[in-house]
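Student: Each chain, letter by letter, is given below.
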Amino acid sequence: AQSVTQPDIHITVSEGASLELRCNYSYGATPYLFWYVQSPGQGLQLLLKYFSGDTLVQGIKGFEAEFKRSQSSFNLRKPSVHWSDAAEYFCAVGNPWNTDKLIFGTGTRLQVFP
Amino acid sequence: DAGVTQSPTHLIKTRGQQVTLRCSPKSGHDTVSWYQQALGQGPQFIFQYYEEEERQRGNFPDRFSGHQFPNYSSELNVNALLLGDSALYLCASSLEGSTDTQYFGPGTRLTVL
Numbered sequence: 001a002q003s004v005t006q007p008d009i010h011i012t013v014s015e016g017a018s019l020e021l022r023c024n025y026s027y028g029a030t031p032y033l034f035w036y037v038q039s040p041g042q043g044l045q046l047l048l049k050y051f052s053g054d055t056l057v058q059g060i061k062g063f064e065a066e067f068k069r070s071q072s073s074f075n076l077r078k079p080s081v082h083w084s085d086a087a088e089y090f091c092a093v094g095n096p097w098n099t100d101k102l103i104f105g106t107g108t109r110l111q112v113f114p
Numbered sequence: 001d002a003g004v005t006q007s008p009t010h011l012i013k014t015r016g017q018q019v020t021l022r023c024s025p026k027s028g029h030d031t032v033s034w035y036q037q038a039l040g041q042g043p044q045f046i047f048q049y050y051e052e053e054e055r056q057r058g059n060f061p062d063r064f065s066g067h068q069f070p071n072y073s074s075e076l077n078v079n080a081l082l083l084g085d086s087a088l089y090l091c092a093s094s095l096e097g098s099t100d101t102q103y104f105g106p107g108t109r110l111t112v113l
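Chains P and G, in that order, give the protein sequences. Numbered according to this note's numbering, the first sequence spans residues 1 to 114. Numbered according to this note's numbering, the second sequence spans residues 1 to 113.
It should be emphasised that the hints constitute simulated quantities derived from the structure, not laboratory data. Warning: the hint list may mix true and false statements.
As the list claims (entries may be wrong) - FRET-style restraints, in silico, Cβ to Cβ:
{"id": "1", "chain 1": "G", "residue 1": "13", "chain 2": "P", "residue 2": "39", "range": "24 to 32 Å"}
{"id": "2", "chain 1": "G", "residue 1": "79", "chain 2": "P", "residue 2": "64", "range": "38 to 46 Å"}
{"id": "3", "chain 1": "G", "residue 1": "52", "chain 2": "P", "residue 2": "70", "range": "40 to 48 Å"}
Unchecked claim - Simulated pairs of lysine to any residue, SDA-like, Cα-Cα distance not exceeding 20 Å:
{"id": "4", "chain 1": "P", "residue 1": "101", "chain 2": "G", "residue 2": "67"}
{"id": "5", "chain 1": "P", "residue 1": "101", "chain 2": "G", "residue 2": "88"}
{"id": "6", "chain 1": "P", "residue 1": "101", "chain 2": "G", "residue 2": "95"}
{"id": "7", "chain 1": "P", "residue 1": "101", "chain 2": "G", "residue 2": "103"}
{"id": "8", "chain 1": "P", "residue 1": "101", "chain 2": "G", "residue 2": "50"}
{"id": "9", "chain 1": "P", "residue 1": "101", "chain 2": "G", "residue 2": "62"}
{"id": "10", "chain 1": "P", "residue 1": "101", "chain 2": "G", "residue 2": "65"}
{"id": "11", "chain 1": "P", "residue 1": "101", "chain 2": "G", "residue 2": "56"}
{"id": "12", "chain 1": "P", "residue 1": "49", "chain 2": "G", "residue 2": "98"}
{"id": "13", "chain 1": "P", "residue 1": "49", "chain 2": "G", "residue 2": "95"}
{"id": "14", "chain 1": "P", "residue 1": "101", "chain 2": "G", "residue 2": "61"}
{"id": "15", "chain 1": "P", "residue 1": "101", "chain 2": "G", "residue 2": "75"}
{"id": "16", "chain 1": "P", "residue 1": "101", "chain 2": "G", "residue 2": "30"}
{"id": "17", "chain 1": "P", "residue 1": "101", "chain 2": "G", "residue 2": "38"}
{"id": "18", "chain 1": "P", "residue 1": "61", "chain 2": "G", "residue 2": "100"}
{"id": "19", "chain 1": "P", "residue 1": "61", "chain 2": "G", "residue 2": "61"}
For clarity, every value in this text was computed on a predicted model and none was experimentally measured. Don't be surprised by glycine CBs; every beta carbon is placed ideally from N, CA and C.
Chain P on its own, in the form it takes in the complex:
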């Protein structure tokens, strides 16, 4: 069965520190992978996506993610976190036939201390 696991429910970092959010997926074929961010009272905003090609993907707001097939992972990274990055982050997997039908992980809540 297709699934996404985000092992960290809650992460706290200091402003300016580096960040890595973990995501592992289970999918029978080559997955389409996504990272979304959700601020309180807001919908989901796409940070980046991986469909094929270069396994290091650059996104908005200084985020990047690396697809590692051997580890079934798609971890999200940022070299220096800003206070405005505090939010809920969701990893999701989709398929080539319908990239709108996504399976989401349970999310990681990021808290940033000044």
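Given the structure of chain P, go ahead and fit chain G onto it with the hints provided.
Tutor: Frame of chain P; chain G shown alone:
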């Protein structure tokens, strides 16, 4: 250019009642998907509408139904509400055949008492 809009923002219902949620897609989009996001969980795909028909459906009971209108807007209907239906309902829109990914609305918070 307005993005995806949803109404109402919040809604309170009691068990057994019926509810209708509304979604207007981003300008130029023709496909609408609905997701349910329970507290502390990631969104779960309910169904997708294209050309006024349900194209794909997730693992949700028949109490969940929808509709798409000729102007591409959509409604989500839930009958016989259960306490477990309390959630944030997200609508997302996209353009069929486009390489651009879907855009999400802010959601409707449904509370069932």
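Student: For every hint, state whether the structure bears it out.
Tutor: Hint check:
1. G:13 x P:39: 24 to 32 Å: 26 Å, holds
2. G:79 x P:64: 38 to 46 Å: Taking Cβ atoms as reference, residue 79 (chain G) and residue 64 (chain P) lie about 44 Å apart, which means the hint holds.
3. G:52 x P:70: 40 to 48 Å: Hint holds: Cβ distance 44 Å, inside 40 to 48 Å.
4. P:101 x G:67: 17 Å, holds
5. P:101 x G:88: Measuring from Cα to Cα gives roughly 17 Å; hence the hint holds.
6. P:101 x G:95: 14 Å, holds
7. P:101 x G:103: 12 Å, holds
8. P:101 x G:50: Holds: residue 101 (chain P) and residue 50 (chain G) sit about 13 Å apart, inside 20 Å.
9. P:101 x G:62: Holds: residue 101 (chain P) and residue 62 (chain G) sit about 19 Å apart, inside 20 Å.
10. P:101 x G:65: Since the Cα atoms of residue 101 (chain P) and residue 65 (chain G) sit roughly 17 Å apart, the hinted pair holds (cutoff 20 Å).
11. P:101 x G:56: 8 Å, holds
12. P:49 x G:98: 15 Å, holds
13. P:49 x G:95: It holds: about 17 Å lies between the C-alpha atoms, which stays within 20 Å.
14. P:101 x G:61: Distance ~17 Å between residue 101 (chain P) and residue 61 (chain G) Cα, so the pair holds.
15. P:101 x G:75: 18 Å, holds
16. P:101 x G:30: 15 Å, holds
17. P:101 x G:38: OK: residue 101 (chain P) and residue 38 (chain G) at ~17 Å, within 20 Å.
18. P:61 x G:100: Distance ~18 Å between residue 61 (chain P) and residue 100 (chain G) Cα, so the pair holds.
19. P:61 x G:61: 38 Å, violated
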